[in-house]
Amino acid sequence: MRQLLALGMVLISLGLGSELSYGQRDPNARCLLECHGTSDFKREVAPGQFKSLYVDYEQFKTSVHKDKLCIDCHTDVTAIPHQRRPEQIHCLQCHYQGNVVGAPVSERPEKYKESVHGKAFARGDPNAPDCKHCHTVHSVRAPTDPLSPVYRANIPKTCGSCHIEIYTEYLESVHGQALRNNILESAVCSDCHREHDLFPPDDPRSSLHPQNVANTCARCHADVKIMERRGVPVKQVEAFKKSFHGIAIEFEVLKSANCVSCHGYHKILSSRDPRSPIYPLNLANTCGQCHPNASENVARGRFHIIPSDPGAGIVFWVYEFYRWLTIVMTAGFIFYIVLDLYGRWRHARRGSHG
Amino acid sequence: MADSANEERLVHELQRELERELDRSLDDAELQRVKELVRAQLEAELRAKQRRIAREKEQAEEYFVRFSLNVCLQHLVLAIGVILLTITGLPIKFHDSAWAEFIFRHIWSLEVNRIIHRVGASLLMFVTVWHIGWLMTREGRRELRELLPRVKDLWDFIANVKFMLGLSSERPKFGRYSYSEKFEYWALVWGTAVMVLSGLMLWFHRITLAYLPKYIFDVALQAHSGEALLAILALITWHMYHAHLNPEVFPMNMTIFTGKISKKRMIEEHPLEYEQIMRERAGAERP
Chain A
1 MRQLLALGMV
11 LISLGLGSEL
21 SYGQRDPNAR
31 CLLECHGTSD
41 FKREVAPGQF
51 KSLYVDYEQF
61 KTSVHKDKLC
71 IDCHTDVTAI
81 PHQRRPEQIH
91 CLQCHYQGNV
101 VGAPVSERPE
111 KYKESVHGKA
121 FARGDPNAPD
131 CKHCHTVHSV
141 RAPTDPLSPV
151 YRANIPKTCG
161 SCHIEIYTEY
171 LESVHGQALR
181 NNILESAVCS
191 DCHREHDLFP
201 PDDPRSSLHP
211 QNVANTCARC
221 HADVKIMERR
231 GVPVKQVEAF
241 KKSFHGIAIE
251 FEVLKSANCV
261 SCHGYHKILS
271 SRDPRSPIYP
281 LNLANTCGQC
291 HPNASENVAR
301 GRFHIIPSDP
311 GAGIVFWVYE
321 FYRWLTIVMT
331 AGFIFYIVLD
341 LYGRWRHARR
351 GSHG
Chain B
355 MADSANEERL
365 VHELQRELER
375 ELDRSLDDAE
385 LQRVKELVRA
395 QLEAELRAKQ
405 RRIAREKEQA
415 EEYFVRFSLN
425 VCLQHLVLAI
435 GVILLTITGL
445 PIKFHDSAWA
455 EFIFRHIWSL
465 EVNRIIHRVG
475 ASLLMFVTVW
485 HIGWLMTREG
495 RRELRELLPR
505 VKDLWDFIAN
515 VKFMLGLSSE
525 RPKFGRYSYS
535 EKFEYWALVW
545 GTAVMVLSGL
555 MLWFHRITLA
565 YLPKYIFDVA
575 LQAHSGEALL
585 AILALITWHM
595 YHAHLNPEVF
605 PMNMTIFTGK
615 ISKKRMIEEH
625 PLEYEQIMRE
635 RAGAERP
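Quick mapping for you: the protein sequence lines, in order, are chains A and B.
All residue numbers for the first sequence refer to this note's numbering, where the first residue is 1 and numbers rise by one.
All residue numbers for the second sequence refer to this note's numbering, where the first residue is 355 and numbers rise by one.
None of these hints come from the bench; they were simulated from the model.
Predicted model only: the values in this text are computed from it and were never measured.
Check the hints yourself; a few may be wrong.
[Claimed, not checked] One-sided and incomplete, this derived list gives chain A residues near chain B with beta-carbon spacing under 7 Å:
#1 K113
#2 A153
#3 N293
#4 T330
#5 I337
[Unchecked claim] Once the Cα atoms are required to be at most 20 Å apart in a straight line, the calculated SDA-like pairs of lysine to any residue come out as:
#6 K242/A with K516/B
#7 K242/A with R230/A
#8 K447/B with R219/A
#9 K242/A with D450/B
#10 K516/B with I337/A
#11 K389/B with L368/B
A virtual CB, placed ideally from N, CA and C, is assigned to each residue, including glycine.
Modelling step: build the complete structure from the supplied sequences, incorporating the hints.
The structure is reproduced here in structure tokens:
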């Protein structure tokens, strides 16, 4: 530790000559001036292995915490330079219900604790992400800030920093491609997986539980405005819910197909893309996952049809035929019955008088 | 008691009338003869009345066998099958409704629903095969001939509508099967054909999708759904009226379960058949 401090002092004296991004009157200046403002300020964690202790103050001053002091969070630092290594700090030391420093509070940390990430973290999984892994440490920015790692366009990259294979798959998908083309309303990881309340798919609370998948997709795919802008049909989810698969899923037959069973998930591709599981030539295989005898016949017909919609083609005409036949026949039956009753009543009345 | 008073009154009247005509009192012997005459007449009247009551009673109790046991059993199996199919088919068709949701969440699951539906379907197909086999028997062939639509049915229908509107005073005379019964039979034949054919395509969808394009499968599904609703509505209007709510048979026409129809209803509803049976009987009685 002493060596480290000595090193720090040396570095500071070197750094003094350089341009400083903070004013000498800044209350945080002492932390930075003496040690943490120097880009190669570091600690040897193991022989030959270093951990940077540098804080990019320029980034900090544009973060949501720009008005905070270092010691507001690092509360155990009472003297500078500090004698011991400060304790790990956590967002929840301010962001809790009833805090007096005005830190915004939401249910998100509680949701996070229930999530796959939160549970893995609680188990002590070293790879599990905590708040800081997505929100960063010293440069926390609002999700609306394009520089924030949790800004829509940056979310796939943020998640991808751990889930690298899924990230590459996603980038190839229609959603990933659209996002790359700056279409921000395209789906990113958190639109489907959610961010804080992220549960495994077999958990009924999960947005990706078989019974919730269609509704999750519907958040965008049933939105007329978004789908019109993107030129994507909007009634697919509604049609699915009316289909055998949709009814089965709704009433607990979870093995039935949902959206992702056919469309895939991270690498969702257009039906015009030969790599897509819903490319007409691939449909026999895709349906064949559940229906072993499926042949190329499954591609001969429209998908996601709503019988009452003219887009359903021949099915629409069958629907119309039966609709009118039923109306005409039932009206005829009722008319005949009323007539018959009237005839009998008339006859009975005349009979009793005659 | 009442009869003896009646008798006394009649004797008295006759006595007075005779006395007025003869202009003298009747002697005892003459009065005795009058009394005997009145008694004999009253007794004859009473016997005639008893005979009439007995004949009416006999006519009311006399019945004809309208359907064989075979036909009654076919109807019973068909009815059970259709009821099972209806109660499990409707919640699928109206899966969005609150009652369908209630059934599937609290009464029976979708998986159980599917099994019951297929049990009902099996009963329907079983009775279909049975019926086709029966149609080949002598009885079946005769019944089929009676069920064939004829031009007379059209005239009967028109005449019946006229009668009901009061444009004519007489009901048309029906044979063994009236036009409404024939209509229901052929509607059932058509409905069963559509339902069984489309239903089998849905039940064995793996085979269907192996050999037929998806749009044919979709058409089968839509036809199954459309025809089902039509059939159910026909049952709860046409069939319910003719077999239950009709004042003639309310609350329930038991003929299809017992096979029996009263002579009274036979004469009213199937006069031509009745006449024919009577002719045949008369012919059989004559050597």
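Okay, the hints, checked on the actual structure:
1. For K113/A, the suggested interface contact is broken, since its CB lies about 31 Å from the closest CB of chain B, more than 7 Å.
2. Residue-level restraint check for A153/A is violated (minimum Cβ-Cβ distance to chain B is 38 Å; threshold 7 Å).
3. For N293/A, the shortest C-beta to C-beta distance to chain B is roughly 4 Å, which falls under 7 Å, so the interface hint holds.
4. With a least beta-carbon distance of about 5 Å to chain B, the hint placing T330/A at the interface is held under the 7 Å criterion.
5. Interface hint at I337/A: satisfied, since its Cβ lies 5 Å from the closest Cβ of chain B, which is below the 7 Å cut-off.
6. Only pairs whose Cα atoms come within 20 Å are accepted, and K242/A paired with K516/B is rejected, the gap being roughly 46 Å.
7. The straight-line distance between the Cα atoms of K242/A and R230/A is roughly 24 Å, outside the 20 Å bound, and the hint therefore fails.
8. Pair hint K447/B plus R219/A does not hold up; C-alpha atoms about 26 Å apart against a cutoff of 20 Å.
9. A C-alpha spacing of about 9 Å is found between K242/A and D450/B, which places the hinted pair at or below 20 Å, so the restraint holds.
10. The suggested pairing of K516/B with I337/A holds, with an alpha-carbon distance near 14 Å, which does not exceed 20 Å.
11. The hinted pair formed by K389/B and L368/B meets the criterion: a straight-line CA distance of about 9 Å does not exceed 20 Å.
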